[in-house]
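Now for the letters of each chain:
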Amino acid sequence: MTRTNSRRLAVSLVSAVLMFGQALPVAFAEGTGDNFCARVTTVTGNVSTDVRKNDGEHEKKLNERDANIVKKEKDTDAKLGEVRAKEDKARTNEFSKLDKLAVTDAQKAAVSAFKASVTAAIATRRTAVNKALVDFRAGLESAKTARRASEDAMVKTFKASVDSALAKAKASCTAGADQKTVKATLMSDLQSARTKLETDRKALDGSAAMQNLVAVKKAAIEAASTAFHVSMEAARTNLKAALKATLAS
Amino acid sequence: MKHWKLLVPVAILAVMAMGAGCAGTGRETVGAKTEVDASVDAIVNASSEEGQNAASEDANAEAVTDTSSLTNLGNSYDPNKF
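Sequences listed follow chains A and B, in order. Residue numbering for the first sequence follows the working numbering, beginning at 1 and increasing consecutively. Residue numbering for the second sequence follows the working numbering, beginning at 1001 and increasing consecutively.
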């Protein structure tokens, strides 16, 4: 054998081994039940790994969601603080203008009464908005805690069912059961576990309750806004009447 | 009669002066009312954002109901590849 032929043979052998190596996982992955027990450890191991990986993703997502909820609440509080500070500044500015407008004691008394009414109206509105937010957040937290407990229970049941199905398949193979039957049983058991998880997940859907929380918050804030505007209009009317009487006299 | 002729312009001037006085009081009253309206409007407008921020938390309620990660968990494996 010449040196060139030896090299060609070596290259062909390496290629053949590489091709065989690539084909192996495909053959295992696409098995039809034949020799299932020969790869049951690999199959069950993969399922177990994937389930744990996605369980970790689920946990991660819940934790990220919780962090986002807290962040949004903090953002709302910060923004509300900014809005109220701006509002206070504007109100102080307007009060100063009205103070300058009042010359007589009667006018000063009217402006003073107006300021008290406005201050009270704003305080009432802020208290109502704060309460709406507190109630909404408490409702959300309560729902979140309840859902988390339910979800944890679902995941626990699902994982236990999967683990049980995998262990049963391995035990059946060890006991020498028919491989096709073992595979079919495993698929059926896993499908049952998946179906139960999906059924439980759909039953958990609390969209209506969440929408109700949003609606209640919105209604409370709108009611506070309406009451505020009513109070402001009353204060406006009273002040204008008082100033008209004194300035006209 | 001469006195009457002098009296007419004086009376006209008096009436004009009274009118001017009344108009001055009226302007003052209207001005005060306008300033009150402007101030009340400014206070009301400044508070218009009070409730708007609270709506930004509505997404939190939606986030709580998101169970897509549970669906992913259920789809962890492909039985067709057994």
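Calculated from the structure, these hints are not laboratory results. All figures in this text were calculated on a predicted structure; none of them were measured in a lab. Ideal Cβ positions, reconstructed from N, Cα and C, are used throughout, including at glycine. Incorrect hints may appear among the rest.
[Unchecked claim] Listed below are the simulated SDA-like cross-link pairs for lysine to any residue, each with C-alpha atoms no more than 20 Å apart in a straight line:
| # | chain 1 | residue 1 | chain 2 | residue 2 |
| --- | --- | --- | --- | --- |
| 1 | A | K115 | B | E1035 |
| 2 | A | K74 | B | T1034 |
| 3 | A | K168 | B | K1081 |
| 4 | A | K86 | B | K1081 |
| 5 | A | K115 | B | A1063 |
| 6 | A | K74 | A | L62 |
[Claimed, not checked] Taking beta-carbon pairs under 8 Å as the criterion, some of the chain A residues facing chain B (in silico):
| # | residue |
| --- | --- |
| 7 | N54 |
| 8 | E87 |
| 9 | D105 |
| 10 | K108 |
| 11 | V134 |
| 12 | D135 |
| 13 | F158 |
| 14 | M187 |
| 15 | D189 |
| 16 | L204 |
| 17 | G206 |
| 18 | V216 |
| 19 | I221 |
| 20 | V230 |
[What the hints assert, rightly or not] Here are a few chain A residues that sit away from chain B, every Cβ distance over 12 Å (derived from the structure):
| # | residue |
| --- | --- |
| 21 | N46 |
| 22 | R65 |
| 23 | A132 |
| 24 | T174 |
| 25 | D178 |
| 26 | A184 |
| 27 | A193 |
| 28 | A215 |
| 29 | A220 |
| 30 | A242 |
Going down the list of hints, with the structure as the test:
1. A:K115 <-> B:E1035: Judged against 20 Å, a Cα distance of about 15 Å means the pair holds.
2. A:K74 <-> B:T1034: The hint is violated at about 40 Å.
3. A:K168 <-> B:K1081: This hinted pair holds, its Cα atoms lying about 19 Å apart.
4. A:K86 <-> B:K1081: With Cα atoms ~63 Å apart, K86 of chain A and K1081 of chain B exceed 20 Å; violated.
5. A:K115 <-> B:A1063: violated, 42 Å
6. A:K74 <-> A:L62: Holds, at roughly 18 Å.
7. N54: This interface hint holds because 5 Å falls under the 8 Å limit.
8. E87: holds, 4 Å
9. D105: violated, 16 Å
10. K108: Violated - the Cβ of K108 of chain A stays beyond 8 Å from chain B, reaching only about 13 Å at its closest.
11. V134: violated, 11 Å
12. D135: violated, 11 Å
13. F158: holds, 7 Å
14. M187: Nearest chain B Cβ about 4 Å off; hint holds.
15. D189: violated, 10 Å
16. L204: Interface hint status for L204 of chain A: holds (7 Å vs cutoff 8 Å).
17. G206: Because about 6 Å separates G206 of chain A from the closest Cβ in chain B, which is inside the 8 Å limit, the hint holds.
18. V216: Cβ of V216 of chain A sits 11 Å from chain B, so the hint is violated.
19. I221: Given a least distance of 4 Å, the restraint on I221 of chain A holds.
20. V230: This hint is violated: V230 of chain A lies away from chain B, its Cβ roughly 11 Å from the closest one there, beyond 8 Å.
21. N46: violated, 7 Å
22. R65: Check fails; 5 Å does not lie beyond 12 Å.
23. A132: Label violated. Min Cβ-Cβ 7 Å, cutoff 12 Å.
24. T174: holds, 18 Å
25. D178: holds, 15 Å
26. A184: violated, 9 Å
27. A193: With a cut-off of 12 Å, A193 of chain A comes too close to chain B, as the shortest Cβ separation is near 8 Å.
28. A215: It is violated; A215 of chain A is separated from chain B by about 10 Å at its closest Cβ, not greater than 12 Å.
29. A220: violated, 9 Å
30. A242: Label violated. Min Cβ-Cβ 10 Å, cutoff 12 Å.
The structure shown violates the earlier hints numbered 2, 4, 5, 9, 10, 11, 12, 15, 18, 20, 21, 22, 23, 26, 27, 28, 29, 30.
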